[in-house]
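Hey, can you work out the whole structure from these sequences and the hints?
Take 1 as the starting number for the sequence shown in our numbering and just add one per residue.
A couple of the hints might just be wrong.
Below, in silico cross-link-like pairs of lysine to any residue (SDA-like), each with a Cα-Cα straight-line distance of 20 angstroms or less [as the list claims (entries may be wrong)]:
hint: 1; residue 1: Lys383; residue 2: Asn421
hint: 2; residue 1: Lys358; residue 2: Thr13
hint: 3; residue 1: Lys127; residue 2: Pro77
Don't read these hints as lab results, they were simulated from the structure.
Owing to the predicted nature of the structure, the values given are computational and were not obtained by experimental measurement.
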Amino acid sequence: MLLPVIMAGGSGTRLWPVSREHYPKQFCSLLGDDTMLQQTVRRLSGLQSSAPLLVCNEEHRFLAAEQLRLDGIENSPILLEPAGRNTAPAIALAALHATRNGGDPLLLVMPADHLLQDIPAFHAALKKAETLAADGRLVTFGIVPDAPETGFGYIRRGAAIGEEGFAVAGFQEKPDLETAGSYLKDGGYYWNSGMFLFRAGIYLAALRQYAPAILDACETAMAGAQSDAQFVRPERAAFEACPEDSIDYAVMEKTDRAAVVPLDAGWNDIGSWSAIWDAMGKDADGNALSGDVLQVASRNSIVSADKRLVAVVGIEDLVVIDTADALLVARKDAVQHVKKIVEKLKAGKRSETVNHRKVYRPWGNYDSIDVGDRHQVKRITVKPGAKLSVQKHHHRAEHWVVVRGTAKVLKGTETIMLSENESTYIPLGEIHALENPGKIPLELIEVQSGSYLGEDDIVRLEDRYGRV
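Have a look at this one:
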């Protein structure tokens, strides 16, 4: 049986301001209505495989679970990395989880933030890779290059292995333009996709041979793992002691079992705004537009409007990304420097690197409409059947006005029901909770007032999502 392992870690800083620390690109809808994670899951349709095993950061667990649920996948295990240690340890956690009951499935390892446009071609390549992986090979997928790309690593193919693929003759670092051009002319080089297929046991044996410290740390972490709901939490201290390394450096560049299967399926790693422009549909002037955008005399630009009208006149080769709380304007040939903006924001301890104005929670979301020195206004949406934690605040009071749906409110020892246009007041220090007992989303306006309005002024007493 094929077990898809979806790697959903990473922060995607080069796609700021859409990608943020708590809402990175794999959970964003960058190309169409579906998120990158949802697109990754859906390309598994038609394969003989089990439900995917997700590996992600603990901070993103509810985002991951909700997006899987929207695709009809519930209760599939999600491995939560206690810390980022690169791909070799993350895949080791997945392999150990997959073999915990004596099984040895084929692991199809895929990043959650890549684009594949030709799914039948992907499935055909996967079938070839399965033959090699069943024979004990560690298979990677090599993207057939169509340009001298300097932003990707390359795989050099060796001798053919039947009709399925090739032995790997070597891995090459990101080349300069002249070298990349020679690779393209040679025809024996592929872009390194970061996708793999191998038996879990073969990968663990390779780690034992080439990177035993990684395997030892991961085995200890999984031996002490705890589970709640669908979340599997490896033991933190053991995993934090794990060496950091990629699967390429730790295993693939050292093993004599590495094989490559060529893949020509409209692949894109969606690593920058110029890559988004490449993948999007364009108008007659080469502009990729999304949202409420008007353009006049503009060419070869990407313009995205999230909340309001954006009008551009006479621009060329620009990136214009407008969100509710931040605007990015950059030349397309300079988008690799967007991460430097993120570094400056972090150095200034700006919240725009962490959250959007709309923040997602396991029970729904809130949108910070207005913020002042001693007040904050939020639009809160609670999913049907969901409930916020039983909590209290030391520094703020709250007024709630229901604008849609029905609210079940706990205030101290009293429980009240509020309908549309009804309101209540939560005094400072009052124990309270908010629940949506209805079948439609509950929407309300919350006005906070007090000396401190930070999200860390929440004392949770009970919580169905394990956040106490």
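Hint by hint, here is what the structure shows:
In summary, the hint linking Lys383 to Asn421 is supported, as the alpha carbons are separated by about 19 angstroms, within the 20 angstroms threshold. With a C-alpha separation of about 18 angstroms, the suggested pairing of Lys358 with Thr13 holds against the 20 angstroms cut-off. Using a Cα cut-off of 20 angstroms, the hinted pair Lys127 and Pro77 is violated, with the two alpha carbons roughly 25 angstroms apart.
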